[in-house]
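Please construct the entire structure, taking both the sequences and the accompanying hints into account.
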Amino acid sequence: MKLGVLGKFAVAHLLQMLGERSYMPYFYFDESIRDNGKFMIGALIISNYDLSPRIRERWKSMGLEPDIDEYKSSAKKSDASVSNIQREYIKSLMEQVKVGLVVLPHNDRNNLGNYCAELVIQLLESQLIPADNHKLILDDNIKMRNDYQKLLRELNVELCLKADSTKFAGIQVADHASHALGGMLLEQMGIIKKKVKAGENSGYHPTEMLDLGFELWADLRHSLIGKNTHIKGLSPHPDDPANPYFLVDGFGLFVAQSCSEDLREHAKECFGINYLGCIH
1 MKLGVLGKFA
11 VAHLLQMLGE
21 RSYMPYFYFD
31 ESIRDNGKFM
41 IGALIISNYD
51 LSPRIRERWK
61 SMGLEPDIDE
71 YKSSAKKSDA
81 SVSNIQREYI
91 KSLMEQVKVG
101 LVVLPHNDRN
111 NLGNYCAELV
121 IQLLESQLIP
131 ADNHKLILDD
141 NIKMRNDYQK
151 LLRELNVELC
161 LKADSTKFAG
171 IQVADHASHA
181 LGGMLLEQMG
191 IIKKKVKAGE
201 NSGYHPTEML
211 DLGFELWADL
221 RHSLIGKNTH
231 IKGLSPHPDD
241 PANPYFLVDG
251 FGLFVAQSCS
261 EDLREHAKEC
271 FGINYLGCIH
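Everything in the sequence shown is counted per full-length UniProt numbering, starting at 1 for the first residue and increasing by one.
Just so you know, the hints here were simulated from the structure itself, not pulled from any lab data.
It is possible that some hints are incorrect.
[Stated by the list, open to error] Below 27 Å or equal to it, Euclidean Cα-Cα: the simulated DSSO-like pairs (lysine-lysine) are:
1) Lys60 x Lys38
2) Lys135 x Lys227
3) Lys150 x Lys135
4) Lys76 x Lys150
5) Lys162 x Lys91
6) Lys227 x Lys91
7) Lys150 x Lys167
8) Lys135 x Lys60
9) Lys91 x Lys194
10) Lys76 x Lys91
11) Lys72 x Lys60
12) Lys76 x Lys167
13) Lys143 x Lys268
14) Lys91 x Lys193
15) Lys227 x Lys268
16) Lys60 x Lys76
17) Lys193 x Lys76
18) Lys38 x Lys143
19) Lys167 x Lys38
20) Lys72 x Lys193
21) Lys268 x Lys91
22) Lys268 x Lys193
23) Lys38 x Lys162
24) Lys162 x Lys150
25) Lys194 x Lys38
26) Lys167 x Lys60
27) Lys60 x Lys91
28) Lys72 x Lys91
[What the hints assert, rightly or not] The following label-pair restraints were derived from C-beta to C-beta distances:
29) Glu261 x Ala218: 24 to 30 Å
30) Pro53 x Ser260: 40 to 46 Å
31) Lys91 x Lys167: 18 to 24 Å
32) Asn110 x Gly190: 24 to 30 Å
33) Gly63 x Leu151: 40 to 46 Å
34) Gly190 x Ser126: 27 to 33 Å
35) Lys167 x Val82: 15 to 21 Å
36) Thr229 x Pro105: 26 to 32 Å
37) Pro244 x Glu95: 17 to 23 Å
Cβ coordinates follow ideal geometry from the N, Cα and C atoms, glycine included.
Below is the structure:
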């Protein structure tokens, strides 16, 4: 949805207070490779301010060296570990951003950056993100064809390729999101089955055991970007404004044509529709 003049002024003023000079949404992109499911997921983080300085400052405040001690979703974690504390901070940032994703076979890695471009174009054409100036930051080793680079620049998307995730620390949020989304899809495919405690402030009894996929979705569902529209068989009557369903497929979800029919069906079943109603 496009912002009006007053809306843009208010956002620009807020971002100036946060140390930013203009309204320029930042996109950060990273992937999770799941060889056991033979797929990859790329997560696109959409933020109204540059996440990187804030993350680097937070690591410094923890006594860490931001150029070395970055957050890695794959690192082992215990309740008191530095990685776990970093994860909780990254999760708090997830509440302030939107997330889109691409799903592709694990042997199609060379096209990951091209699919990222397809997702950004899809979001711009759907007007779920404003047609304004944007900056797309891709993690190192993610390639993008020149024709896709040209298309994005024509849409006022500035590209930052081969980015160092310690310097461009917003990529660490995309790392977290792609890892979580990958876990959701593995459970959807029946490859993993794990129970976890609900924990404090979950809306459930802290010791109640929940499916890992459900917990991951509960953490991410308000961030997934989609279109609030009537979905036959799920949504209330079209005249009812209280529709808790969002269509993600074709908006915040891009499924590569190279996916097998099985992977495509699982991806759309897992991510295609999002529910933002009560889950307690």
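Evaluation of the provided hints:
Taken as a hint, the Lys60 and Lys38 pair is broken in the structure, with Cα atoms around 37 Å apart against an allowance of 27 Å. The straight-line distance between the Cα atoms of Lys135 and Lys227 is roughly 23 Å, inside the 27 Å bound, and the hint therefore holds. Distance check on the hinted pair: Lys150 and Lys135 sit about 14 Å apart at the alpha-carbon level, within 27 Å; holds. Distance hint between Lys76 and Lys150 is unfulfilled; the C-alpha atoms sit about 40 Å from each other, more than 27 Å.
For the proposed pair Lys162 and Lys91, the alpha carbon gap of about 25 Å is at most 27 Å, so the pair holds. Restraint check for Lys227 and Lys91: the C-alpha separation of about 23 Å stays at or below 27 Å, so the hint holds. For the proposed pair Lys150 and Lys167, the alpha carbon gap of about 25 Å is at most 27 Å, so the pair holds. Proposed proximity of Lys135 and Lys60 is supported: the alpha carbons are some 25 Å apart, at most 27 Å.
Of the supplied pair hints, the one linking Lys91 and Lys194 holds, its CA atoms being roughly 20 Å apart against a limit of 27 Å. Of the pairs offered as hints, the one joining Lys76 and Lys91 holds, with about 16 Å between alpha carbons and a cut-off of 27 Å not exceeded. Distance restraint check for Lys72 and Lys60: the Cα-Cα separation of roughly 16 Å lies within the 27 Å cut-off, and the hinted pair is therefore satisfied. With a C-alpha separation of about 23 Å, the suggested pair Lys76 and Lys167 falls inside the 27 Å cut-off, and the hint holds.
Only pairs whose Cα atoms come within 27 Å are accepted, and Lys143 paired with Lys268 is accepted, the gap being roughly 25 Å. Straight-line distance between C-alpha atoms of Lys91 and Lys193 comes to about 22 Å, which keeps the hinted pair within the 27 Å bound. Distance check on the hinted pair: Lys227 and Lys268 sit about 15 Å apart at the alpha-carbon level, within 27 Å; holds. Between the alpha carbons of Lys60 and Lys76 the distance comes to roughly 21 Å, so the proposed pair stays at or under 27 Å and holds.
For the hint pairing Lys193 with Lys76, the CA-to-CA distance comes to about 19 Å; that is within 27 Å, so the pair holds. Only pairs whose Cα atoms come within 27 Å are accepted, and Lys38 paired with Lys143 is accepted, the gap being roughly 20 Å. The hinted pair formed by Lys167 and Lys38 fails the criterion: a straight-line CA distance of about 30 Å is larger than 27 Å. In summary, the hint linking Lys72 to Lys193 is supported, as the alpha carbons are separated by about 23 Å, within the 27 Å threshold.
Proposed proximity of Lys268 and Lys91 is supported: the alpha carbons are some 24 Å apart, at most 27 Å. This hinted pair checks out: Lys268 and Lys193 have alpha carbons roughly 19 Å apart, not beyond 27 Å. Distance check on the hinted pair: Lys38 and Lys162 sit about 25 Å apart at the alpha-carbon level, within 27 Å; holds. Simply put, Lys162 and Lys150 have alpha-carbon atoms about 17 Å apart, close enough for the 27 Å limit, and the pair holds.
A distance of roughly 19 Å separates the Cα atoms of Lys194 and Lys38; the hinted pair therefore holds under the 27 Å criterion. Taken as a hint, the Lys167 and Lys60 pair is honoured in the structure, with Cα atoms around 13 Å apart against an allowance of 27 Å. The straight-line distance between the Cα atoms of Lys60 and Lys91 is roughly 18 Å, inside the 27 Å bound, and the hint therefore holds. The suggested pairing of Lys72 with Lys91 holds, with an alpha-carbon distance near 13 Å, which does not exceed 27 Å.
Between Glu261 and Ala218 the CB atoms are about 29 Å apart, so this pair conforms to the stated range of 24 to 30 Å. Checked against the given bound of 40 to 46 Å, the beta carbons of Pro53 and Ser260, roughly 41 Å apart, stay inside it. One distance hint, 18 to 24 Å for the beta-carbon pair Lys91 and Lys167, holds here, with the actual separation near 22 Å. Between Asn110 and Gly190 the beta carbon distance is about 28 Å. The supplied range of 24 to 30 Å therefore holds.
Between Gly63 and Leu151 the beta carbons are some 44 Å apart, a value that agrees with the proposed interval 40 to 46 Å. A C-beta distance of roughly 32 Å is found between Gly190 and Ser126, which places it inside the suggested range of 27 to 33 Å. For Lys167 and Val82, the hinted distance range of 15 to 21 Å is satisfied, since their beta carbons lie about 20 Å from each other. Range check, Thr229 to Pro105: Cβ separation about 29 Å, and the 26 to 32 Å hint holds.
For the pair Pro244 and Glu95, the supplied restraint of 17 to 23 Å holds, since their beta-carbon distance comes to about 18 Å.
The structure does not agree with the numbered hints 1, 4, 19 stated previously, though it agrees with the rest.
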